[in-house]
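Asker: Each chain is listed here by its residues.
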Amino acid sequence: MVKKKIKLRDVILSILAAGVFCALLAYYQYDTGTSHSYAISILERSAIYAVVAVSMNLLNGFTGLFSLGQAGFMAIGAYTTGILTIPVNMRQSVYYMNGIAPWLENLHLPMIPALLLGGLFAAAAAALVGIPVLRLKSDYLAIATLGFAEIIRALLAAPMMNTITNGSFGLNNIPGFQNIFQPMAIAAVCIVLMILLINSSYGRAFKAIREDDIAAEAMGINLFRHKELAFVISSFFTGVGGGMLAIFMRSIDTKTFQVTLTYNILLIVVLGGIGSVTGSIIGSLLINGSQEWLRFLDEPTTVPVLSSLFKPGFRMVIYSILLMVVVLFWRRGIMGTNEFTWDGLFGLFRRKKKTKKAGGEA
Amino acid sequence: MADNVLKVEHVTMQFGGVVAVNDLSMEVNKGEIVALIGPNGAGKTTAFNVITGVYAPTNGRVSFNGVPMIENHPQGKMKKNYLGEDPEGYPAKIVKTPDQITKLGIARTFQNIRLFKSLTVFDNVLIARHMRSKANVFSATFKVNAMEEKENREKTMELLKLVGLESSANEISSSLPYGKQRRLEIARALATQPTLLLLDEPAAGMNPQETDELSEFILQIKNQFDLTVLVIEHHMDLVMQISDRIYVLDFGKLIAQGTPEVIQNDPHVISAYLGVQDDE
Amino acid sequence: MSASTLAQHFLTGISLGGAYALIAIGYTMVYGILRLINFAHGDLFMMSGYFMIFAMASFPWFIALPVTLIGTVILGVVIEKAAYAPLRSAPRMSIMISAIGVSYLLQNLATYLFTALPKTYPEISFLKKIYKFGDLSASLVTLITPVLTIVLVFLLMQLIGHTKLGMAMRAVSKDTEASRLMGIKVNTTISMTFVIGSLLAGVGSVLYFTDRMTVYPYSGSLPGLKCFVAAVLGGIGSIPGAVIGGFLIGIVETLMVAFGYSTFSDAFTFLLLIIILLVRPTGLFGEAATDKV
Chain A
8 MVKKKIKLRD VILSILAAGV FCALLAYYQY DTGTSHSYAI SILERSAIYA VVAVSMNLLN
68 GFTGLFSLGQ AGFMAIGAYT TGILTIPVNM RQSVYYMNGI APWLENLHLP MIPALLLGGL
128 FAAAAAALVG IPVLRLKSDY LAIATLGFAE IIRALLAAPM MNTITNGSFG LNNIPGFQNI
188 FQPMAIAAVC IVLMILLINS SYGRAFKAIR EDDIAAEAMG INLFRHKELA FVISSFFTGV
248 GGGMLAIFMR SIDTKTFQVT LTYNILLIVV LGGIGSVTGS IIGSLLINGS QEWLRFLDEP
308 TTVPVLSSLF KPGFRMVIYS ILLMVVVLFW RRGIMGTNEF TWDGLFGLFR RKKKTKKAGG
368 EA
Chain B
285 MADNVLKVEH VTMQFGGVVA VNDLSMEVNK GEIVALIGPN GAGKTTAFNV ITGVYAPTNG
345 RVSFNGVPMI ENHPQGKMKK NYLGEDPEGY PAKIVKTPDQ ITKLGIARTF QNIRLFKSLT
405 VFDNVLIARH MRSKANVFSA TFKVNAMEEK ENREKTMELL KLVGLESSAN EISSSLPYGK
465 QRRLEIARAL ATQPTLLLLD EPAAGMNPQE TDELSEFILQ IKNQFDLTVL VIEHHMDLVM
525 QISDRIYVLD FGKLIAQGTP EVIQNDPHVI SAYLGVQDDE
Chain C
3 MSASTLAQHF LTGISLGGAY ALIAIGYTMV YGILRLINFA HGDLFMMSGY FMIFAMASFP
63 WFIALPVTLI GTVILGVVIE KAAYAPLRSA PRMSIMISAI GVSYLLQNLA TYLFTALPKT
123 YPEISFLKKI YKFGDLSASL VTLITPVLTI VLVFLLMQLI GHTKLGMAMR AVSKDTEASR
183 LMGIKVNTTI SMTFVIGSLL AGVGSVLYFT DRMTVYPYSG SLPGLKCFVA AVLGGIGSIP
243 GAVIGGFLIG IVETLMVAFG YSTFSDAFTF LLLIIILLVR PTGLFGEAAT DKV
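Going line by line, the protein sequences match chains A, B and C.
The first sequence begins at 8 in this note's numbering and counts up one residue at a time.
The second sequence begins at 285 in this note's numbering and counts up one residue at a time.
The third sequence begins at 3 in this note's numbering and counts up one residue at a time.
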């Protein structure tokens, strides 16, 4: 689009909103009177899923590559981060069944370098995987990436990896985030980087490939190079997201990274709008928030009609129906391919007022 | 022949049993406007697709500025058919991909308009500048190339002005009327900074007045950008008005070539093509 | 490993392969006609397992069996009508997401209705009867599976090759729009494809779970993906291809488990998929895919 002048009002509003959000975080973090662990965990989880959802969107929504390998790349990031951040003195107890590989015994990294390395490993794996699979078209690509995610999972759980990944026992004692600001800041940096990429000339080339690959190629865009680039970058951030998930959960095993995890992220992307970064962020907040808000669906109730409905698993049924409803009747999702703007928000209010007025007069 | 911008030699394109292009040879010289005409299904677009690397030909060679960029020949017994030259000096297969060919300086438009539909008019043209950008993914992400980006935006706006679409810059390209979409495709092709422009039925669906304007426009951009143009077209007015030379294809085979006057009086062409045209 | 043990594993592999083949046909037919990987097909197969559990709880097996099959067919057609038919003209990504959504829904629904704990699959006693051949022993179901698979496939090939419905299926898979113009009822044809695919998945489910003995909400997802791989291996769209693919994957998987590589048996299937897609995307029988359905 032709560059628009950035409005002063929008800058002020954005700074204000960021300030309010930070204040809220600070309140949750430092208010010791009541326990905010619920809210904190929702926000942290949302931030982590938002990173992965935006990176999935970068592929599926912006480049038009339907990849379902997210869980696998998250697993790589999570294991890398987990293994490297478990405190050295805890390692014997974590690996008590299989022992730990000698070269790994004293290899320890702080959180941020470990996350970066997790992302890099995921990106490297994606680079290798991408060379063969990115030649495939739509649904074949989906099933091949899904297959690779399963292969990665099998490799991590393989007996010969026992002294590195602790095999089927998984990892625990991973140090958690010290405060809520850490995951928020990391997620923000990741998402901002992806937004910058999407708005760069490479991002435009990705969109061109999504729109029409033959025309894109005729415009001199090397399809393979750009697809590979999108795949590697997306997987890097997926890996970082996986690493953050490991830190957040503090213990992981390969079961965490089953196909269902990919489907959950797909749900967020579809709900938010395929091709909208802010949509993915909103989707992540809604889905993770409702995990808690809708918990009552899984618990017994005394309300007569509902009492037979509400039992464990009902919430997930609601989610799946929600996904189907969005796919069938509301294919644009919340944001479609649009992004959040202050103008858009005010426009929404104004439109509502107008319809109210019109309704009142009628 | 140094002033051959494009040289097509013995190109044959077979799809299964169908021979879409049969032993086509043609040349386009620098600064010329050459038209490729023929009835529907004569293989014109297939020829374009071979030249731009979309299909690898079954046989033949395509050179650009004297350098072979596409070359393929059937293996085995069919070898002898190759170019009619000594089969011992059998050349290797060369297949440049469409993006490499565009980078060499050949741009094209599409018969069925292939815009980036849900993107804006401005972005459609801006994307075509990406290929010439020196920025890598990091410098582009961190806006290190801001100068280049600014220049690209200015160039894009200039091109939109040239095709008269500057006021539609922020519209979604698929919402444009048909004629404007065609012009946008030309602007997008020009943005790749070509020396050879291939236009696939640029006047399709246009009325006589629009067609006249298009003729003038093609001449204008040819001079302004120092282009060589190869055009596929059904509108004979346009073809006769702007072409220096014409090639006529029928059932994949070249049946005539020459200046507009020669073609207009060629009995083969009249029976194969122009006669039919009158009935349309 | 002695020859007889190997033969024993081989027999188990063929039996598993037969069930896979029946499910793979459903994938290959739906892909042939809609160009859609029906992600929900494996979960349909899982639901069929639950249907059998409930049917057997109230009926003798000879009633329970048809009830299960009918239930599976109804579910299959409902899925098509509700989740795929409205998206005929939608982008391919949407219909694929819809298929994933159905799969996700069926899994969650099964967890909700039947809990995540494995349920015991009812035994049809005569199917479990053990027959001995020298060193080899096999239950009747192991022996029936490959035979039944071949018979069903033969019938299906006859149906596709020699009936009006079969002709319609072939036409729709070649060109939906042209078929519509030729007066073929495209929607009915697609529904019939789902009927056949679901019916075979129902039969496959009985054979598979009789051998495995338990059903849980995710017991369809991995076998489902494997059967899709089988379909790709055989050449998507080709029914004999799907059958041979199913048998191959069943045998290879059983042998891998037998040789102690069970961790890799699933990964191997996917590795196989990726290798086929790269080396020969048309699969083993892709070239003869003129009889695509």
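Errors might be hidden in some of the hints.
So, partial list: chain B residues that the calculated Cβ filter (under 7 Å) puts toward chain A [what the hints assert, rightly or not]: (1) D383; (2) T386; (3) G389; (4) H414; (5) M415; (6) S417; (7) K418; (8) V421; (9) A430; (10) K434; (11) Q477; (12) T479; (13) G542.
Ranges between beta-carbon positions, derived for each pair [what the hints assert, rightly or not]: (14) A:F176 to C:R90: 33 to 39 Å; (15) A:A131 to C:P88: 54 to 60 Å; (16) C:R214 to A:A195: 45 to 51 Å; (17) A:L111 to C:L161: 56 to 62 Å; (18) B:A340 to A:A25: 29 to 35 Å; (19) A:N113 to C:F56: 53 to 59 Å; (20) C:R182 to B:G325: 37 to 43 Å.
Simulated pairs of lysine to aspartate or glutamate, EDC-like, Cα-Cα distance not exceeding 16 Å [as the list claims (entries may be wrong)]: (21) B:K464 to B:E485; (22) B:K401 to A:D220; (23) B:K445 to B:E455; (24) B:K506 to B:D534; (25) A:K318 to A:E306; (26) B:K401 to A:E306; (27) A:K262 to C:D268; (28) B:K291 to B:E316; (29) B:K418 to B:E435.
These aren't lab readings, by the way, just hints derived from the structure by calculation.
Values in this document were obtained by computation on a predicted structure and should not be read as measured data.
For glycine and all other residues, C-beta sits at the position ideal for the given N, C-alpha and C.
Asker: Could you run down the list of hints and mark each one as holding or not?
Answerer: So, going through the hints one by one against the coordinates:
1. D383: 5 Å, holds
2. T386: 4 Å, holds
3. G389: 10 Å, violated
4. H414: Because about 5 Å separates B:H414 from the closest Cβ in chain A, which is inside the 7 Å limit, the hint holds.
5. M415: It holds, given that the least Cβ distance between B:M415 and chain A is near 3 Å, below 7 Å.
6. S417: 6 Å, holds
7. K418: 11 Å, violated
8. V421: With a minimum Cβ separation of about 5 Å from chain A (threshold 7 Å), the hint on B:V421 holds.
9. A430: Since the shortest Cβ distance to chain A is 11 Å, the answer is violated.
10. K434: At about 9 Å, which exceeds the 7 Å cut-off, the nearest Cβ of chain A leaves the hint on B:K434 violated.
11. Q477: 9 Å, violated
12. T479: Given a least distance of 14 Å, the restraint on B:T479 is violated.
13. G542: 30 Å, violated
14. A:F176 to C:R90: 33 to 39 Å: 48 Å, violated
15. A:A131 to C:P88: 54 to 60 Å: Since A:A131 and C:P88 have Cβ atoms about 41 Å apart, the given range 54 to 60 Å is violated.
16. C:R214 to A:A195: 45 to 51 Å: 48 Å, holds
17. A:L111 to C:L161: 56 to 62 Å: 59 Å, holds
18. B:A340 to A:A25: 29 to 35 Å: 54 Å, violated
19. A:N113 to C:F56: 53 to 59 Å: 57 Å, holds
20. C:R182 to B:G325: 37 to 43 Å: The hint (37 to 43 Å, Cβ to Cβ) is violated, given that C:R182 and B:G325 are roughly 24 Å apart.
21. B:K464 to B:E485: 14 Å, holds
22. B:K401 to A:D220: 12 Å, holds
23. B:K445 to B:E455: With a Cα-Cα distance of about 15 Å, the restraint between B:K445 and B:E455 holds, given a limit of 16 Å.
24. B:K506 to B:D534: 28 Å, violated
25. A:K318 to A:E306: 5 Å, holds
26. B:K401 to A:E306: Violated, because 48 Å separates the two Cα atoms, which is more than 16 Å.
27. A:K262 to C:D268: Cα-Cα ~14 Å, so holds.
28. B:K291 to B:E316: 13 Å, holds
29. B:K418 to B:E435: 13 Å, holds
Comparing the model with each numbered hint stated earlier shows that hints 3, 7, 9, 10, 11, 12, 13, 14, 15, 18, 20, 24 and 26 do not hold.
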